[in-house]
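Student: If you want the building blocks of each chain, they are given just below.
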Amino acid sequence: MNTISIILFIVGAAFDLFGCIGLLRLPDVYNKLQSATKSVTLGTCSILLGLFIHYGFTAVGLKALIAIPILFFTSTVAAHALVRGSYLFGVKLWDKSVIDDYKKVVQISTEGKEVEK
Amino acid sequence: MLDILIYILMGLGFLCFIRVVIGPTMVDRMVAIDIFGILVVGICALLVLKSGRTFLIDVAIAWIMLSFIGTITLAKYLTGKKLDE
Amino acid sequence: MKGMGIIVVKVSQIIAPVIFLFGLYVIVHGHLSPGGGFAGGVIMASAFILQILANGAILPKLRHEEHGLEFLESAAILGFLILAGLGLIISGSFVFFANFINRGVVGQLISAGFIPIENIIVGMEVCAAIATIFIALVVFKDEVSE
Amino acid sequence: MRYLTLFIIMFLLWMLITLNLALSNIIVGLVAALITALVFGSQFKLNWKKFYNPLRYIWLLIYIIVFVWECIKANFDVAFRVLSPKMPIKPGIVKVRTKLKTSFARVILANSITMTPGTITVDVIDDDLFIHWIYVSSKDSKIYTKKIIGRFEKLLKRIFE
Chain H
0 MNTISIILFI
10 VGAAFDLFGC
20 IGLLRLPDVY
30 NKLQSATKSV
40 TLGTCSILLG
50 LFIHYGFTAV
60 GLKALIAIPI
70 LFFTSTVAAH
80 ALVRGSYLFG
90 VKLWDKSVID
100 DYKKVVQIST
110 EGKEVEK
Chain F
0 MLDILIYILM
10 GLGFLCFIRV
20 VIGPTMVDRM
30 VAIDIFGILV
40 VGICALLVLK
50 SGRTFLIDVA
60 IAWIMLSFIG
70 TITLAKYLTG
80 KKLDE
Chain P
0 MKGMGIIVVK
10 VSQIIAPVIF
20 LFGLYVIVHG
30 HLSPGGGFAG
40 GVIMASAFIL
50 QILANGAILP
60 KLRHEEHGLE
70 FLESAAILGF
80 LILAGLGLII
90 SGSFVFFANF
100 INRGVVGQLI
110 SAGFIPIENI
120 IVGMEVCAAI
130 ATIFIALVVF
140 KDEVSE
Chain B
0 MRYLTLFIIM
10 FLLWMLITLN
20 LALSNIIVGL
30 VAALITALVF
40 GSQFKLNWKK
50 FYNPLRYIWL
60 LIYIIVFVWE
70 CIKANFDVAF
80 RVLSPKMPIK
90 PGIVKVRTKL
100 KTSFARVILA
110 NSITMTPGTI
120 TVDVIDDDLF
130 IHWIYVSSKD
140 SKIYTKKIIG
150 RFEKLLKRIF
160 E
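Protein chains in written order, with numbering that gives the first Met the number 0: chain H, 0 to 116; chain F, 0 to 84; chain P, 0 to 145; chain B, 0 to 160.
Hints may contain errors.
[What the hints assert, rightly or not] Using C-beta positions, here's what the derived DEER-type ranges look like:
| no. | chain 1 | residue 1 | chain 2 | residue 2 | range |
| --- | --- | --- | --- | --- | --- |
| 1 | B | Glu160 | H | Ile5 | 40 to 46 Å |
| 2 | P | His66 | B | Asp76 | 53 to 59 Å |
| 3 | H | Lys95 | B | Leu3 | 50 to 56 Å |
| 4 | F | Arg52 | B | Phe79 | 37 to 43 Å |
| 5 | H | Leu23 | P | Ile81 | 53 to 59 Å |
Since the hints were made in silico from the structure, they are not lab data. Using N, Cα and C, we set each Cβ at its ideal position, and we do this for glycine too.
With the sequences and hints as input, model every part of the structure.
Tutor: Next up, the structure:
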């Protein structure tokens with residue numbers, strides 16, 4: 000087996016490990032998404048890249064290469080949708096958060112809708 | 000070597016299940032399920048090398064897409080609780 | 000603040016055709032690799048579900064789509080029966096679902112007799128049925144709550 | 000023309016995932032791409048002329064290299080924050096104003112920000128991006144605007160506008 004692909008597999012598994020530790024340790028939903036989604040996605044992309052390097056330009060290797068952009072797009076959009084959904088659902092930011100600019104916009108839009116009704 | 004990596008990833012999936020069980024709110028559980036979906040893709044990619052069955056990469060791609068749609072549905076439930084908006 | 004926002008809408012325009020094409024790939028290669036009609040049909044239907052989730056459903060338009068999907072579903076079942084009956088008539092062995100087309104070489108794309116055709120019909124049927132179920136859940140929920 | 004662009008992209012994708020130059024495969028791929036283009040063509044609302052400009056693909060390659068480098072760098076930063084026992088995090092949601100005009104470029108910018116560890120896009124409203132940041136290092140809007148999107152914005156302007 001190829002040395003480069005083994006290194007990529009190990010790096011990928013390590014990133015997955017960081018992500019899952021973050022999922023268990025960090026305090027609130029937003030920070031969990033910060034660490035977990037991105038570390039795990041990057042780790043899985045690294046594993047797929049290792050698969051591509053091992054198989055080269057065959058059917059399996061190219062499928063692994065195509066899976067990388069699809070995984071990037073889908074996992075980013077899923078993370079964004081979860082963050083926006085949980086904010087609109089009413090999950091509060093962590094107590095020690097420094098700044099919150101989004102609160103005003105949500106308040107304005109929801110109050111405006113109540114006036115319309 | 001590959002065996003150890005596959006076992007590590009399966010253990011990480013178990014960590015996600017711990018978060019699903021103890022997660023204080025509903026959103027925590029959703030995040031853990033999302034992460035579990037991405038981990039399974041990595042396990043599938045490693046199993047291709049381990050077992051030599053090349054169709055498992057198809058399974059991985061299909062899993063990416065279906066897990067994406069599942070997460071979008073959960074997020075849609077969070078935003079409005081109504082599907083037709 | 001209602002709805003899904005611009006990011007999901009824009010990305011679903013790119014991802015949905017890819018999902019649909021992958022479903023077609025799974026269906027067409029059903030006799031060569033695992034998968035086949037049912038799995039591919041579910042993947043194809045999920046592309047439509049993604050569109051509805053992202054853009055939001057306008058009820059009259061959805062009712063219109065539902066009629067088309069019902070027609071497709073019925074047509075697929077009819078085609079399946081016709082195919083099975085043709086096997087009974089043409090093959091001469093009086094077996095329902097007899098494989099009456101030349102089977103070709105194992106491992107090539109066009110082989111295995113009528114199994115690819117049957118896979119395509121099953122895929123159409125499953126895609127139409129699952130999309131119909133989803134649309135019905137959206138539409139009827141509104142009618143019940145009224 | 001929109002339909003034709005979608006058809007060409009789908010056919011190339013089909014040839015990549017099957018990787019088989021037999022005649023039967025090409026015919027099946029053409030039919031599959033045609034069905035996909037007919038079903039989803041009306042919802043494919045991107046500007047098709049931009050797909051036929053080869054210069055944009057070169058900038059796209061440069062952008063991917065820059066993006067992957069930033070991604071790896073930031074990922075080690077987040078890994079350090081997660082693993083260190085004190086957890087030095089200082090989260091908050093900041094507002095960033097972007098100069099990009101087309102909505103697709105804004106979406107790609109938001110996705111890039113989401114994929115860089117440490118920052119995640121909460122919403123895009125007109126010109127404003129709302130970003131959840133795991134370590135808010137300064138509260139001056141000019142400094143953090145440059146720090147978050149300065150490295151992507153110029154390249155994206157060349158690719159998508």
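Student: Give a verdict on every hint.
Tutor: Going through the hints against the structure:
| no. | hint | in the structure |
| --- | --- | --- |
| 1 | B:Glu160 / H:Ile5: 40 to 46 Å | 42 Å, holds |
| 2 | P:His66 / B:Asp76: 53 to 59 Å | 54 Å, holds |
| 3 | H:Lys95 / B:Leu3: 50 to 56 Å | 54 Å, holds |
| 4 | F:Arg52 / B:Phe79: 37 to 43 Å | 38 Å, holds |
| 5 | H:Leu23 / P:Ile81: 53 to 59 Å | 57 Å, holds |
Every hint from the earlier list agrees with this structure, and none is contradicted.
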